[in-house]
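Visitor: Be aware that the sequence shown starts at 4, since it is given in the numbering used here, and climbs by one per residue.
Some hints here could point you the wrong way.
Straight line, CA to CA, 30 angstroms or less: simulated DSBU-like cross-link-like pairs of lysine-lysine [to be verified]:
1) K595 with K615
2) K582 with K599
3) K600 with K588
4) K615 with K554
5) K297 with K319
6) K595 with K554
7) K582 with K595
8) K582 with K618
9) K582 with K600
10) K326 with K297
11) K618 with K588
12) K600 with K618
For each label pair, taking beta carbons as the anchor points, the in silico distance ranges come out as [said to hold, decoys possible]:
13) T110 with S361: 20 to 26 angstroms
14) L529 with A596: 45 to 51 angstroms
15) G91 with G239: 44 to 50 angstroms
It is worth saying that the hints were derived from the structure and are not from the lab.
Quantities reported herein were computed from a predicted structural model and do not represent experimental measurements.
Positions of the beta carbon are idealized from the N, C-alpha and C atoms, including for glycine.
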Amino acid sequence: MHIRGQAAPRAGRGAGSPHVRTPRGGLRRLRRSLSLAIMLPALAIVTLASPAGATHQGSFEIDGNTPVNTPGNLDWDTTGTHVTDPTGNADTSTFTQGSKEFEHPSTWVQGTGLAPNQDDISDVYTFTRTEHDGVHAYFGFRRLTTTGVTNYDVEFNQAPNSSANPARPTRTVGDVMVRFEQNGNMGFKLTEAYIWTLAANFGDRQCIPVSGYTPAAGWCPVPFTATTFVGLTGEGGHFAEGTLNLTTLFGDVTGCREAFGTMNIRSFTGESTQSSLKDYVEPIPINVPPTCWKPIGITNVPRATYDVSYNWSVEKDVNDTRKTVEAGTNASFTYRVLLTAGPESRSGDDLGGTVTLSNPNGSPMVATLSVAATTGTGCVFPGVPDVSADAGLQVVVPAGSSSFVYTCTVTAPPTNGSSTATVSWNQTLFPPFPGGGTSPATATATYTFALDQSTDEQTTVTDTFSGGAAQVLGTFNWAAVYNETDASTPPHTVVVATYTRIIRAGAAGTCASYVNTARQTENDTLQSTTSQETVTVCAAAEVLPDQAFGKAVGSVSATCQGTVRSRLNNRSGERVTYKLRVGTKVHRIVVKAQSKKRFTTSGPNRARVTLKIGKRVLDRVRIPARCAAPEVLPDTGIRGI
4 MHIRGQAAPR AGRGAGSPHV RTPRGGLRRL RRSLSLAIML PALAIVTLAS
54 PAGATHQGSF EIDGNTPVNT PGNLDWDTTG THVTDPTGNA DTSTFTQGSK
104 EFEHPSTWVQ GTGLAPNQDD ISDVYTFTRT EHDGVHAYFG FRRLTTTGVT
154 NYDVEFNQAP NSSANPARPT RTVGDVMVRF EQNGNMGFKL TEAYIWTLAA
204 NFGDRQCIPV SGYTPAAGWC PVPFTATTFV GLTGEGGHFA EGTLNLTTLF
254 GDVTGCREAF GTMNIRSFTG ESTQSSLKDY VEPIPINVPP TCWKPIGITN
304 VPRATYDVSY NWSVEKDVND TRKTVEAGTN ASFTYRVLLT AGPESRSGDD
354 LGGTVTLSNP NGSPMVATLS VAATTGTGCV FPGVPDVSAD AGLQVVVPAG
404 SSSFVYTCTV TAPPTNGSST ATVSWNQTLF PPFPGGGTSP ATATATYTFA
454 LDQSTDEQTT VTDTFSGGAA QVLGTFNWAA VYNETDASTP PHTVVVATYT
504 RIIRAGAAGT CASYVNTARQ TENDTLQSTT SQETVTVCAA AEVLPDQAFG
554 KAVGSVSATC QGTVRSRLNN RSGERVTYKL RVGTKVHRIV VKAQSKKRFT
604 TSGPNRARVT LKIGKRVLDR VRIPARCAAP EVLPDTGIRG I
């Protein structure tokens, strides 16, 4: 068997087209249109003469051939499923002698090239759709020769076959079998119709039991009228086609059943129930709507998220901004770089989720879908079409599982909560199986707002000195910085680095300034902040000889108690740094130009004291030994003078 691919769906809304937009109150017509098993294809523009007796069912041509004879109509060349079957000795899908229709399919045996030419099927065409008066099944058969009488059994099954070669159907209560007869090159007519029934329900309907089933079951005949089937032969009797109205044929006889999903076609000779089967076609997938419907299942997975952005700042400080040292010597400065993490900025609150509907039936349903959230309003399903003018959002729920994404407007302030999804359907249009679930179905789930995206959660800190290359001090994470201190008192600041920089003084009497810049650069937006400190290093002016005017002078004295006193007199026009060494300890005393200063310190006994400016020694002393004990007059205890 070979299946030709179905033609592409026709654009627009031609006759019989399965469009889904309906006027108010049109849900019943919508359901019918959704039951189409095969979408209508684009019509080929072919004009041929119609044979005598040609008729139309809707827009479909029942005329004994496959091309479209009248533009705007449908025929097998433009729609439906085409199945080919080998013929003659090459046909591997025939039955051996003894395979009979009204015996259990397990007794049917596959053969090769065993079908007589008159029963040898070469092509099968199928098409099923719902029209204004019910579900119509279209058939087309092509056989090898036109001699003799040939019969076809067409079986509609709810379940898949147990095997394809041979084609053994799996039968379920409510399955349908119809028999057609073609006499030579004469007409194509419906002769019998049956429904698969449990033996306990046979009654007096003259049913035909089929052995081997537990519980016992068989085929019960169903009466029909002349209008139930319309058929015609063509191609000199080689091709026969027709349309069967399943709704008027069976009405409510089938009771509750699943969708028909499999079609089986077999040929045989003669009219006896004991006639042997000849040829078969491998099972053909179809989609005929069910008569009773299982309830739609529903799940709800909400989603609640927000975004945050982070702000950073950097600060630079130094222990001194100006130092004067001797020419060619070093000045040292201690710097600190501090990084501040500001409070996070929340935005982008998003509330929504996904509703998944599970349709266990073999055909699509139409349902009303909605969602309500406890901390959100106006929940909608963006992009999901409303297929009907009936109240609420009407959605097509295909067989199987389908998902629908919803969004809700977040109420302020955003808080956690729950959302409830509801699906309901018209149980008059989709009657439930006895004891089946009822409409509506709901699903409630809680949600907690969680971080979705963060911006500038990290920053990189660099340090640049006097126009040199930037040095990376590190990359820092907001949470790490923020949590190093009390989280209740933002902003939070940490020391990134503390370091000492040595700067050499230039020529005597000159000063130079140096800029040190700290920068933080946020990693996502690349926004940055900076902080600068400028320090000045001056080289002390040379001191003039003692005879010269405007010299810087000074003197130092020491007492036996270890007190050291210095008198500093800077008569020069520059700021001067005096060095006072007391033992191993050095004091640097800065005296402004044309200023005096006194400086007092202490040191250990016998320590050497030196006062210098640069290399020039201004004064030297030694702290005396311990002071002598005072004299005490005999017998009085009074110190002598």
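Visitor: What hint numbers does the structure not satisfy?
Guide: 5, 10, 13 and 15
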